[in-house]
Every structure is written in structure tokens, then in C-alpha cells.
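Protein chains: 2
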Amino acid sequence: MEDRILIAHGGGGRLSSELISSQILPRFGRGPLRDLPDAATVPYVGAKSIVYTTDSFVIHPVEFPGGNIGNICIYGTVNDISVAGGKPLFLSLGLILEEGLEMSLLEKILDAVKKSADECGIRVVTGDTKVVPKGQCDKIYINTSAIGRPYENFSLGKGRIRKGDKVIASGNIGDHGTAVLCIREGIKIRNGPISDLGTVQKLVKAAHHFKGDVKFMRDPTRGGLAAVLNEIVSGRKYGIMLEEDKIPFSTGAKAVSEMLGLDLLHSPCEGRVIMICSEKAADGIVSKWRKMPEGKNAVIIGTVTDKEGKVIMKTSNGGLRLVDLPRGELLPRIC
Amino acid sequence: MEDRILIAHGGGGRLSSELISSQILPRFGRGPLRDLPDAATVPYVGAKSIVYTTDSFVIHPVEFPGGNIGNICIYGTVNDISVAGGKPLFLSLGLILEEGLEMSLLEKILDAVKKSADECGIRVVTGDTKVVPKGQCDKIYINTSAIGRPYENFSLGKGRIRKGDKVIASGNIGDHGTAVLCIREGIKIRNGPISDLGTVQKLVKAAHHFKGDVKFMRDPTRGGLAAVLNEIVSGRKYGIMLEEDKIPFSTGAKAVSEMLGLDLLHSPCEGRVIMICSEKAADGIVSKWRKMPEGKNAVIIGTVTDKEGKVIMKTSNGGLRLVDLPRGELLPRIC
Numbered sequence: 000m001e002d003r004i005l006i007a008h009g010g011g012g013r014l015s016s017e018l019i020s021s022q023i024l025p026r027f028g029r030g031p032l033r034d035l036p037d038a039a040t041v042p043y044v045g046a047k048s049i050v051y052t053t054d055s056f057v058i059h060p061v062e063f064p065g066g067n068i069g070n071i072c073i074y075g076t077v078n079d080i081s082v083a084g085g086k087p088l089f090l091s092l093g094l095i096l097e098e099g100l101e102m103s104l105l106e107k108i109l110d111a112v113k114k115s116a117d118e119c120g121i122r123v124v125t126g127d128t129k130v131v132p133k134g135q136c137d138k139i140y141i142n143t144s145a146i147g148r149p150y151e152n153f154s155l156g157k158g159r160i161r162k163g164d165k166v167i168a169s170g171n172i173g174d175h176g177t178a179v180l181c182i183r184e185g186i187k188i189r190n191g192p193i194s195d196l197g198t199v200q201k202l203v204k205a206a207h208h209f210k211g212d213v214k215f216m217r218d219p220t221r222g223g224l225a226a227v228l229n230e231i232v233s234g235r236k237y238g239i240m241l242e243e244d245k246i247p248f249s250t251g252a253k254a255v256s257e258m259l260g261l262d263l264l265h266s267p268c269e270g271r272v273i274m275i276c277s278e279k280a281a282d283g284i285v286s287k288w289r290k291m292p293e294g295k296n297a298v299i300i301g302t303v304t305d306k307e308g309k310v311i312m313k314t315s316n317g318g319l320r321l322v323d324l325p326r327g328e329l330l331p332r333i334c
Numbered sequence: 000m001e002d003r004i005l006i007a008h009g010g011g012g013r014l015s016s017e018l019i020s021s022q023i024l025p026r027f028g029r030g031p032l033r034d035l036p037d038a039a040t041v042p043y044v045g046a047k048s049i050v051y052t053t054d055s056f057v058i059h060p061v062e063f064p065g066g067n068i069g070n071i072c073i074y075g076t077v078n079d080i081s082v083a084g085g086k087p088l089f090l091s092l093g094l095i096l097e098e099g100l101e102m103s104l105l106e107k108i109l110d111a112v113k114k115s116a117d118e119c120g121i122r123v124v125t126g127d128t129k130v131v132p133k134g135q136c137d138k139i140y141i142n143t144s145a146i147g148r149p150y151e152n153f154s155l156g157k158g159r160i161r162k163g164d165k166v167i168a169s170g171n172i173g174d175h176g177t178a179v180l181c182i183r184e185g186i187k188i189r190n191g192p193i194s195d196l197g198t199v200q201k202l203v204k205a206a207h208h209f210k211g212d213v214k215f216m217r218d219p220t221r222g223g224l225a226a227v228l229n230e231i232v233s234g235r236k237y238g239i240m241l242e243e244d245k246i247p248f249s250t251g252a253k254a255v256s257e258m259l260g261l262d263l264l265h266s267p268c269e270g271r272v273i274m275i276c277s278e279k280a281a282d283g284i285v286s287k288w289r290k291m292p293e294g295k296n297a298v299i300i301g302t303v304t305d306k307e308g309k310v311i312m313k314t315s316n317g318g319l320r321l322v323d324l325p326r327g328e329l330l331p332r333i334c
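Chains as they are written, first to last, in numbering that gives the first Met the number 0: chain A, 0 to 334; chain B, 0 to 334.
Among the hints, erroneous ones may be present.
[What the hints assert, rightly or not] Not close to chain A: a few residues of chain B, all C-beta gaps over 12 Å, as computed:
1) Thr53
2) Ser91
3) Ile95
4) Asp110
5) Pro132
6) Gly185
7) Ile193
8) Lys204
9) Arg221
10) Lys287
11) Ser315
12) Leu321
[What the hints assert, rightly or not] If the Cβ cut is set under 10 Å, some of the chain B residues that face chain A in the computed set are:
13) Ser15
14) Arg26
15) Asp54
16) Phe56
17) Pro60
18) Glu62
19) Ala116
20) Ile182
21) Ile186
22) Ile188
23) Cys334
[As the list claims (entries may be wrong)] Derived DSSO-like pairs (lysine-lysine); straight-line CA-CA distance at most 30 Å:
24) B:Lys113 <-> A:Lys157
25) B:Lys236 <-> B:Lys210
26) A:Lys133 <-> B:Lys236
Hints in this document: simulated from the structure, not taken from any laboratory.
No residue lacks a Cβ here, since even glycine has one placed at the ideal position from N, Cα and C.
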């Protein structure tokens, strides 16, 4: 193990996993944290349970095509509650501000927090504001946590996934990561990518109708689709076969990825759901989602196989490629 | 209003209040945030309610006499739940790590998180880890949020405070702030202050017995005793009269405050309760607390008066002094 923290420890790839496995799980991994869900489901006297999650946002730059850190700190946390099968209710907002931050930028960000929170029907009920000297933060870092109520009929868990189940993406993959990268690196292209950030609440609510046929959901943020799928199969008796031709990418994201030699499977989304569901329900879910604006590009992108712990992709030219976790940090501070 | 964020906006004094009043309350202040409690009490279907809080910790240096940031991120949040009348149950842990942070220091901090969480009987159930490039953080910032269950018999609220009620401090005031300051500024004195950090859960549980006679509780962190008392009387029909001779200070904290010309009323504590209770219950609570190690210096330090919105102190030499919020930032990054 490295004796110092590297940027790649935060990238959602192999080093992130190692850090969590070596430092977090041995200390805190006995309870709900064991499977590292996006959100924990914990018992609460009188009620069935509470869905609970947290996320820190250190995005650079804080504004990008499609929104700013104030939008993403709401959608990111609301989406974590949603894909864990919960209805988001209450949110905490922790701000770390850098000395010298323009008040006008702070106002713009807080306006975005309010707008997104209102859209999601979630209420900011508790908060905290700290200020650190110039050069000890980069404008603003935000932590949000949220409390949600579990939907009654979902029964989500990797243990319910079986060979033959289908993998659905709710929309284009990798737009958020490439949109942030364009603004950060000063890349100007016509019809460039725009962040897909948004709430997935409605998608989850629509899928709720399919009850037990929905096996598992995640939003592919840090580490992108590759990280989510690898996490799903890790240590399991099953694997996943992806079909490259089926995976939806926007023209803008594709252009940027080709220009930079970037793998879009590692590029984060901020408003997508990756779902594993039974084969019989898959077409129904896709067709339901395609009628919704946030799901109009939904598609089945793969199938659960018996290749233990492996994500393999049938490429456009007919070959097979192992889809692995990135080891390094391709996209630091992207969310 | 300033057009940029100043260090003092985070200090718990007048500028902090202005920032919250101008930026947070207009956007989010309609619900539970209105009175800016340390922890929000929100309704939850099936159960009576949930107590919910968050805090970010940006302390410098991360280790100090009495503990490190890993202890304080647990006690601070557990104490916020406790003084709001809740029993802390679940905790979220959000880490922002600086590239280059020594793994051995991270381990020490996480050991402290675990030890304090175990001591408080609270479980870390969800978390998040981000890494930022060197120079965009100072070693480690931690956000914790927590969920607690409200105690049945408490009925806490500033609206229940009446003239004649008593103000109790559970122990020495200002040790945490002066202990951190000593290590930060390289001040070496014999028997110097040691942080008072610790959980106040047992103190709150002991007071629970006095039910409705307990009117309000706070832990005096940022801005110290002066900030908490001013917040209690702000905009109210009552005021507070403090007695300087009664306020308990440790020898170490007194020595440091005299050396630096620092007002201990502005120095944060991390393991104390300031309580407002009825006159008839005050002696009983103090004597109960004094039998406990964490309350051995508990004492009545003041009385609620009819001086609207004012905190006044009867000084040791018999004069009267207005105890105001500090305008500037005396102790940045102390918690």
C-alpha cells in the first residue's frame, strides 16, 4: 500500500477500492457499510427503516455546461437515495468556503441548491458553514447527506441478481465527465457535451411498478459505467456481458473522448440509472422509461452471465474486451 | 455586505450570523432551519420524528492536546444531537483528503473516529471519500452528519425560557480553543490546557429525568459561551445576567488567555453543555451532574433576566459588562 494519499485514491478506480478495503471496511464494515451501498438502509423504531447517504462535492471548475456544484450536490445525493430504493425527504448542507470566494458566486451556487432541492421535493433542514484561509480549499466544497423513506415494494440487492438478467442504462453515458473536462481544459467544440445532471427520482418511481423484477440500481458517477458494473460483479458468481453497439453515447461526448483518447466507460454521469432486472421485465421498463424525457435514450446494454466477477464487452468490431476499473485517476475532481 | 468571503464569516461571530441571515435563511429558512437549531427535528412516517444534524470539521492542526480531528468529528455531531434532546444512532462520514496526506496519519485519525464512535454507541453506516490535489485542502477535512431518536419527555425550545430561569455550565469553559491555539502557535506552558472534547450524552440523559424543567441546551463550540448565550437571547423578550466569578475556567486556559489577551468567553468547548432550566430544578441538575466525571465542575453561572436580547456579565470587580458576539475571527479553524 502507498504510504501517502494519491489523487487516484479518490478517482473511483482500483486505488479507491483499495483505500476503502484497507482503511474503511476493517473499522466500520460490520453493519450496513459492508456492501458499500450508495445509501444505507437502517432500522428505526416505529418506522420500517430509513435510507441514509452522504456525499462530498469537490468539483472543479464549480460551473460547467449544464449547471454548477449547487445543482450537483442535490442531484448526486438525491440520486443515491433513489437508486437505493428510497424516496428522498430531508437534506443536510455542509459548506466549506475559501476565503476570498466572491459572494456573487456563492449566491449563484446557493440559488442552484435551492432550485434543485425544490425540483426534487427535498427539504434542506440542517446545515453548517466553515471558512478556511485562501489556498486551503478551491472556492467551495459541499457535503450533503440525505434521509429517505424506503419504497414498499422494492427488494434490491446484488444477491438477487441471476444469470440471464438484463442491464439497462437510462440514457447517454459519460456526458457529465466530458462536459466538465471541456470547460476545465478550455476545449471548445461545436455541440460539445452538456452535463446530464438531474434527478433520477421519476425513473425509479416508474420502475417501482415492476417490484421484485428490479434487482439492483446504481447511478454511475465516479469511475463511470465501468466502475459501477465492476462493483456489481465483484466477488460474485456472475459476470456481465456488455454490447458496445448498444451503449448510448452523445455525439459531443464521443467527439471529446476521441480527441482526448478517453474511455467513456470511465466518464461519470450525474443523472443516469444503471439497472439490473429480470429478463421478462426489461423491455417493459425500457419502454416505460423511453416515454419520459429523462429516459428517452434508455436501452438494454448487456446481460448477466456466469463469468464470475468479470465485465466483458462485445466490441463494435466483433471482438471481446475486458472492462476493468481504471487504476489511475483519469478525471480528478469531476464531481 | 462584503463582496467576498472573509475568514470571519466562519468564526461563529457577528459576520457568521450575517452570512447565515442573508444567504441561508432567505433560501432555506421556512422549515426546521428557521431557528437555526444545532440539530433539526423532522417528522417521519410511523415514528414520532427524527433528530438530524451535520457539521464539517476543518481544524488546524489536526492533532492537539486531548485528541485529533477524528475524535472531534464524532463528539461534535453526537453532541449536537444530544443537546437537541436526541439519542444519537447513526452517522455518516465524509472525508476530503489532500494529496500527499501520510497514510499513517489517516490511520490514526480513522482509529480515533472508530474509538469515539464506539464510545458514543453510534454506528458509521454510510460514507464518502474524496481526494483533492496538494494545496487545495489542509491535510483532511471531515463532514459528519447524524440521525438520532428524540427522547420522549424533553420539550426544548427558546420559547419556553422565562425570567428567573437559571443558566448552567456543565464544566470548564474554553479549554478546547486554548488547547488548539497552544499547539498551533507553539506555546509551551506547564499544565497547559487540554481539550475538553468528549460526549455529553450522559449529561443529557441524566438531565432527562427533570423533563419539562429543562428548557434549552446547547454545546458552546464556535464562538464559545458568548455566541451561544447571544444566540439564545437574540430577538427574545428576555436577557441573561452572567456572574463572572461563577464561570469555571481551568488554570491552563486562564494562563493562555492572559498571555494572548484572549477572551475565554469566545473560546470553543467540545464537551460541555450550556443549559437553561427552571430555578427549582437547577440545584438538582447541578448536583446530579457533579457526581459524574464529565460534569464534576458543573455550576450555575447566570440567570435569565428581562433585559431584552442582552447578555450582561457581573464582573469580578463588581462592574457590569456587555457580553457581545465577536465581530472578527479570533480563532479560525478551531473545530
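Structure-based check of each hint:
Distance check on Thr53 (chain B): its Cβ comes as close as 4 Å (rounded) to a Cβ of chain A, failing to clear the 12 Å threshold; non-interface status is violated. With a least beta-carbon separation of about 4 Å from chain A, Ser91 (chain B) fails to lie farther than 12 Å from that chain, contradicting its non-interface assignment. Not every Cβ of chain A is farther than 12 Å from the Cβ of Ile95 (chain B); the closest lies at roughly 5 Å, contradicting the non-interface assignment. Once the 12 Å rule is applied to beta carbons, Asp110 (chain B) is inconsistent with being away from chain A; the minimum gap is 7 Å.
With a least beta-carbon separation of about 6 Å from chain A, Pro132 (chain B) fails to lie farther than 12 Å from that chain, contradicting its non-interface assignment. Remark: the non-interface label on Gly185 (chain B) is consistent with the geometry, its nearest Cβ contact in chain A lying 18 Å away (cut-off 12 Å). Every CB of chain A lies more than 12 Å from the CB of Ile193 (chain B), the least distance being 24 Å, so the non-interface label holds. Residue-level check passed: Lys204 (chain B) sits 17 Å from the nearest beta carbon of chain A, beyond 12 Å.
Distance to chain A contradicts Arg221 (chain B) as a non-interface residue, since its nearest Cβ pair spans about 9 Å, not more than 12 Å. Residue placement check: Lys287 (chain B) keeps its beta carbon more than 12 Å from all beta carbons of chain A (closest about 27 Å). No Cβ of chain A comes within 12 Å of the Cβ of Ser315 (chain B); the nearest lies about 34 Å off, and the non-interface call holds. Distance check for Leu321 (chain B) against chain A: the nearest CB is about 26 Å away, which clears 12 Å, and the non-interface claim stands.
Hint on Ser15 (chain B) holds. Least Cβ distance to chain A is approximately 7 Å, under the 10 Å limit. Contact between Arg26 (chain B) and chain A, as hinted, is supported at the beta carbon level, the nearest pair being about 5 Å apart and thus within 10 Å. Among the interface hints, the one on Asp54 (chain B) holds; its C-beta lies about 5 Å from the nearest C-beta in chain A, closer than the 10 Å criterion. With a cut of 10 Å, the hint placing Phe56 (chain B) at the interface with chain A holds, because the nearest CB-to-CB distance is about 8 Å.
For Pro60 (chain B), the interface hint is violated, the least distance from its beta-carbon to any beta-carbon of chain A being 13 Å, above 10 Å. Look at Glu62 (chain B): its Cβ only gets to about 17 Å from chain A, farther than 10 Å, so that hint breaks. Restraint check, Ala116 (chain B) versus chain A: the minimum CB separation of about 8 Å is within 10 Å; hint holds. With a least beta-carbon distance of about 17 Å to chain A, the hint placing Ile182 (chain B) at the interface is violated under the 10 Å criterion.
Using the Cβ-Cβ criterion of 10 Å, the hint placing Ile186 (chain B) at the interface with chain A is not satisfied: the shortest such distance is roughly 20 Å. Because the smallest distance between the Cβ of Ile188 (chain B) and any Cβ of chain A comes to about 26 Å, over 10 Å, the interface hint for this residue is violated. Below 10 Å, beta-carbon pairs count as interface contacts, and Cys334 (chain B) has one with chain A at about 9 Å; its hint therefore holds. Restraint check for Lys113 (chain B) and Lys157 (chain A): satisfied, since their Cα atoms lie roughly 28 Å apart, inside the 30 Å limit.
In summary, the hint linking Lys236 (chain B) to Lys210 (chain B) is supported, as the alpha carbons are separated by about 24 Å, within the 30 Å threshold. Annotation: proposed proximity of Lys133 (chain A) to Lys236 (chain B) is violated, straight-line Cα distance about 40 Å (limit 30 Å).
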